[in-house]
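Asks: I would like the entire structure built from these sequences, with the hints used as guidance.
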Amino acid sequence: MSRRPDPRLGRPTWACASSGVSVCRRVRALLLANVAATAWYFGWLLDPVRIGEPVLYALLLAAELFNLVQAIGFWWTCSRAHSRPQPPALPEPPEVDVLIPVYDEPVEVVEATVRAAARLRGARVLVWLLDDGDSPAMEDLASRAGAGYIAREQHEGAKAGNINNALAQTNAPYVAVFDCDHVADPVFLEQTLGHAADPGVAFVQTPQYYANHGRGGIAAAAWAQQALFFGPIARGKDALGAMFCCGTNVLFRREALLSVGGFPTGSLTEDFELSVRLHERGWRSVYVDRVLARGLGPEDMAAYVSQQLRWARGCLSAIGPVVRAGLPLRIRVQYLLSTMYFLSGWTLAVYMLLPVVRIVAGAQPLAVSSASQFLVHFAPYYALALGTVALAGAGSYTFAAFSLGCACFWVHVVAGTRALLRRPDRFVVTAKEGVESWQPRAVWPALAVVAVLGAASAYGLASRPGPGTLNSIAFAALHASVLATGAAGALRLRRRATAEPRTELLPATDVSRR
Amino acid sequence: MTTGVTETVARARALPGAAADRRLLAVEQLGVLGGQIGAGVGNLAFSLAMARLLDPSGFAALASFGALYLLLTMPVTSLTAGSALDPALELRLLRRTVRAGIGVAVVAGALALPLGELLHLSPVLVVLLGLAAPGAGPLALVRGRLYAARRHRGLGASLLAEPLGRLLLGGALAPAIGATGAALAIVVSGYASLVVARRAVPALRPLAPPDRRRASSVVAVFVLLAVLQNQDVVLGNAVLGGGAAGLFAVVSTLGGIAAFATVTVPMVLLARLREGRREPLGVAVAFAAGIGGLAVAAFAVAPAALAGSLFGARYADAGGIAIPYLLAMALLGVARVLAAQLSGRSRRLPIWLLAGPALLQLGLVAVIARSAEGVAEVTLGTTALAAAATGAAVALDHPAVRRAPAHALSALRSPAALRVAGVATVALVVRLLITRGLWVDEASSVAQAEMGFHAMLHNLRTTDVHPPLYFSLLWLDIRLFGSGELAVRLPSIAAGVALVPALYAAGRDLYDRRAGIVAAGLAAFAPQPVWYSQEARMYALFMLFAVIAVWGQVRVLRRGRPRDWVLYTAAATALAWTQYFGLLLVALQQAVFALAAWRRPATRGPLLRSWAVAGAVAFVLVAPLVPFAYHQFAANQASGRGFGSTPSQAGVITGETHPGLYAFLANGVWAVWGYHADATMVDLVALWPLGMLLALFLLGRGWSRTSSLLTASAIVPALCLFAVGQSKSNLFDLRYFIGAVPLLILLAARGLTSWTPRVGARAALAVVFGASLLAGLVDQQVNNDNPRRYDFRSAVHAIAARAHPGDVVLYNPIYLAQIVHYYGPGLDLRSVRRGVPPRTGARRVFLIASFFDHPGIAAATRRTLHALERRRHLVVRLRGSNVRVWEFR
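So the sequences go chain by chain: A and D.
Under numbering that gives the first Met the number 0, the first sequence has 2 at position 3, and the numbering climbs by one with no breaks.
Under numbering that gives the first Met the number 0, the second sequence has 129 at position 130, and the numbering climbs by one with no breaks.
Derived by calculation from the structure, the hints in this document are not laboratory data.
Be a bit skeptical, because a hint or two may be false.
[Stated by the list, open to error] Now the in silico label distances, taken between C-beta atoms and shown as ranges: (1) Leu-773(D) - Ser-462(A): 27 to 37 Å; (2) Gly-759(D) - Leu-257(A): 54 to 64 Å; (3) Ala-770(D) - Ser-462(A): 23 to 33 Å; (4) Gly-465(A) - Arg-512(D): 43 to 53 Å; (5) Trp-702(D) - His-81(A): 21 to 31 Å; (6) Val-723(D) - Phe-41(A): 27 to 37 Å; (7) Val-612(D) - His-81(A): 41 to 51 Å; (8) Phe-65(A) - Ala-415(D): 51 to 61 Å; (9) Gly-759(D) - Gly-319(A): 49 to 59 Å; (10) Arg-512(D) - Pro-93(A): 58 to 68 Å; (11) Ala-88(A) - Gly-701(D): 33 to 43 Å; (12) Ala-415(D) - Ala-88(A): 55 to 65 Å.
[Stated by the list, open to error] Calculated Cβ distances over 12 Å to all of chain A for the following chain D residues: (13) Ala-48; (14) Ser-308; (15) Ile-350; (16) Ala-617; (17) Pro-626.
Cβ atoms here follow ideal geometry from the backbone N, Cα and C, with glycine treated the same way.
Replies: Structural data, given as structure tokens:
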């Protein structure tokens, strides 16, 4: 790492705010067509005469309805997306505690974060390095960078506990939190404090930008997923007052944090549950759609899977609290949409199961007489839904991002099962740098499904070739291609020399003018 | 004569400057030409005499012998070319040629029986052929020396000695011993000519050091030219039946006039090559083209009458075929001159440029030509290719071209241009590999284009539904090349080949050079462009103009220069004159212009002004079409047919009354992968989930305005016709939005070349996609279950082979009349609407029917069959692709 340029010091290549308004208008324009196509498809699908094999039909219907709910949520959210104007600067620069929790990350990674935090403008900044790893090197780093150093004897509550411990030892009215790999722009506070001047605002969230998205396929795909979220979705959630905290690149009002007892420590997604509690208490959230900090995303499949597993487990565990929380309906639905997204892997499992059953057993969810009509009704719905995603993402959401998510469908299944069984999970820090070896273990479920789909297709071709079988084989090929593309990153030896992105060093003076 | 020439030369030498040079050169050419024409007339007289003295099979055998003799002597005659360039060649090669000739004679004598079997010749003729060999080389070499020394008098004497000997000796021997006597006369006359030439040749003087390799190269070039001129005769004799072979023998004899007359022109040029001037080339080309053109024009006045009077009434049919063949030989004469000129510049280039056409001719005659007409058309195509290739090479070498702007020259000579030329050649070869006969629409077009021009326009106005541009081209084409299968498809083939460079230019301009070359490569063998390039209808032109119109529009929107507007306006206008449905694309383009003007306030004024001017020009150009179209519409409405009188093949699923999504998908599959059997289409359409995958692949891909415009231009006309098809199902047919196909090719090329930065992955994608197109093409072209394949040719030929005078051929539906007449012009044709003839009215009755998937037509066929079965008994039932034939007695 130390021999490579640090991508976090380069300019961001993603401009979230620039494509906002016209895209939003187009999404709204597509809404009507989406509604019509949805009615056309589901009106046809829900007709009882379509029922083929009842169990398969029920599975298909459940999957389709789940995805319909997600799709409607997406259309609703994106259609409301807005971009906040820059508020006026505060008359007096307030005090801000900048908290940087660390566990066992490399010093090189943390050093850039601490030094960038020390250069923040627009406030009287006090940087705190919250070391849960009891590392003398970190203490030395804090000392060298002029930052405060806070360690604790008992490491309870993981990151949340670490921050809560720091909150108890600091007292500035505003608290900024950065993960140890997120390098803040000097203008971070200038761009966020104005929003926090509103006394009802609990926190101001900014995008979690992966500056290393040029380092290989997984980093790029993971960032593409983030770009969709921190683009139209986050802007829409902000417009609906339902933006949640993402745990880093965020400015809190200390009063708000203290009003809910700090970060909840019993969750894997402490930031998400904190947001629920804050909104429940009537606090409001703000999302600023400008990249104001540059961090590192997962670079290899193991790190990505680990991250997804933690998010899925945490969010699925939060379904209950969200349902029980006294939230306004609009915000509650938004939270539920976000948490339930991590059930979508189950629907993928259903979709992948159907062609296999059709080929092997000849059973299909829809009545045979309906098969020829399926495409007529499904195609407009599918095309418009996909078109809306493409449009809303303004080209940022890629096939690689989609396939990476699909290849980790099993993560959702595992997380859902563990959540259902109430199995405990521990907080795992996402690796900050990818390994250079194959990681087939991280994608073996996807590879197994590819093998099953391939075997079923071969069996179908050998046993009963015909249009029906070919149709199922085409579906199997569709799923296998998506899974294989998603899993390919784990099977490819990473070559740093070629994967290295072009990094342009960003002088601090340029940042302020940007 | 030669004295006169000498005087003229002396006068010409007195003239000043370049004019004098040209005059001198012309006189020189004319002098030699006089001898050659004299020899030609003598040879023709010999052929005419033999045609009357010998029976058809004997004459065919003599023609075949003559062709083989030419094939034997022409390569050796190519030594004349080498010797004209390097007189010392005689010293080096004389003994070797004699030895080789003796070797040939020995081999021919030893293998006379099997060779005779192989060549369909009597063994005696094979032996005689061998005996001619030892003298051929020396004669050629010595004539070359005569050219080099400008001993035109001796040359003329040698040239005239040969036909004179043939006439005298042949006239005496042929009545007695038939073809053998005539052949013997040919052989002996060759030796007589050698003696005459030898007497005139001067002593060899030392010249500048000879370029031996260049002389060898010239020999090779003239060998190839000889092959190109003669192999069709030998192959034709082998692959055609007796009657057709005899017919082609006559045609080749007539064509030989043009070829023979221009033989000396390049020789005189070669003797002048050492001078390094260009005037001799211009004079030589003018002579070759002029003589060839005169031959064509002279014969075109009354082809049947001339052929009949020269070769007897039984060969009157050869007249029509002889015109394209004479044209082919005229082109060969020009190619000879150009190749000779190139030989002075490059050793290998002319060989490569001639080897391709020669191989193509060999393959096409051997594989697809099954009639005298077909062989003649193949020869025309390949000689045209040879003339074009050598002409282009000479043009590129011209000082004026060399002085052209550097970028233009480098573009022409660039590897990319050569690649495109190569791809276009491949496209031409693919399009010439036609695997099907004409179908009803083509026959209808041919019948209309065979009328007088005004009659054709009237017919179009009152009975057809298409604009007249294509028909006008076809009308001209038929006047030039006749009505043979290949001839009537030439405009489409030309448009289909032109599509390749057009796509390259558009792809390079709209995207980049890589996209252009891939688009051109895909177009070379994409199924639909190939299919409609082989159909005598307007759809290949539709594709070509659609691409140019879209390309022009993008250029207008990007740069808006006057030349861009001219390109766009011309293409859009041509599109309207080619196919009315092209107006859907033009209308969309006007909407795009309006949108561009609305969204670009900064350039709105100039854009609107240019648009108005271009619109006004286009309006003036299209205005004459409006009353024409209205008249067509009114006439069709009045007759109750409406637009689209023939059945559609829109892919409508049986039982559906209008095209649905599956029909749309089927048309989409056809557009990319071509026409296939219904069962294959069902399987292919079942793969629609792969379309979902493609849609997913497109997620996050950049979609430029150019690509958006191309996509809209491809899809919107199809969607419009799909909507219209809901009320008139026959209008939703790929043919009517065929302009989408090259646009899809362009988009595919863009996708293939920009999908991934990895070169290997891009290449793999291109190979996979190309392989799928190739598989589609092969299945489309050779699968007899292709629903668009109508084998009327075999069906009607089968009827013609079985029919006798007094037999009647019934056809159903009504619009089979022209296609049945095309393939069986002598048959007594009647529509089933006239009812079944009584037993006394006809000896035998044939019923030919098609379009069985149309209930009304199928019912009429069944009714006719029942009626025939009641009165007669069924003898034979024949079945071809979408065509059936029944024979009743």
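Asks: Now, for every hint given, state plainly whether the structure supports it.
Replies: Hints, verified against the model:
1. With their beta carbons about 29 Å apart, Leu-773(D) and Ser-462(A) fall inside the hinted range of 27 to 37 Å.
2. For Gly-759(D) and Leu-257(A), the Cβ-Cβ distance of about 59 Å falls inside the hinted range of 54 to 64 Å, so the restraint holds.
3. Look at Ala-770(D) against Ser-462(A): about 27 Å separates their beta carbons, and that is inside 23 to 33 Å.
4. Restraint check, Gly-465(A) to Arg-512(D): a C-beta distance of roughly 45 Å satisfies the suggested window 43 to 53 Å.
5. For Trp-702(D) paired with His-81(A), a C-beta distance near 25 Å keeps the hint of 21 to 31 Å intact.
6. Range check, Val-723(D) to Phe-41(A): Cβ separation about 30 Å, and the 27 to 37 Å hint holds.
7. Range check, Val-612(D) to His-81(A): about 45 Å between beta-carbon atoms, so the 41 to 51 Å window is met.
8. Checking the proposed 51 to 61 Å range against Phe-65(A) and Ala-415(D) shows it holds: the Cβ atoms sit about 53 Å from each other.
9. A hinted range of 49 to 59 Å holds for the C-beta pair Gly-759(D) and Gly-319(A), which are about 51 Å apart.
10. One distance hint, 58 to 68 Å for the beta-carbon pair Arg-512(D) and Pro-93(A), holds here, with the actual separation near 59 Å.
11. Against the hinted window of 33 to 43 Å, the Cβ-Cβ separation of Ala-88(A) and Gly-701(D) comes to about 38 Å, which satisfies the hint.
12. Checked against the hint of 55 to 65 Å, the C-beta distance between Ala-415(D) and Ala-88(A) comes to roughly 58 Å, which is consistent with it.
13. Non-interface status of Ala-48(D) relative to chain A is upheld: no Cβ of that chain comes within 12 Å, the nearest being about 68 Å off.
14. The claim that Ser-308(D) is not at the interface with chain A holds, since no C-beta of that chain comes within 12 Å of its own (minimum 64 Å).
15. With a least beta-carbon separation of about 46 Å from chain A, Ile-350(D) lies farther than 12 Å from that chain, consistent with its non-interface assignment.
16. A cut-off of 12 Å between C-beta atoms confirms that Ala-617(D) is not in contact with chain A; the least separation is 33 Å.
17. Under the 12 Å C-beta cut-off, the non-interface status given to Pro-626(D) relative to chain A holds; the minimum distance is some 42 Å.
The earlier numbered hints are all upheld by this structure, with none contradicted.
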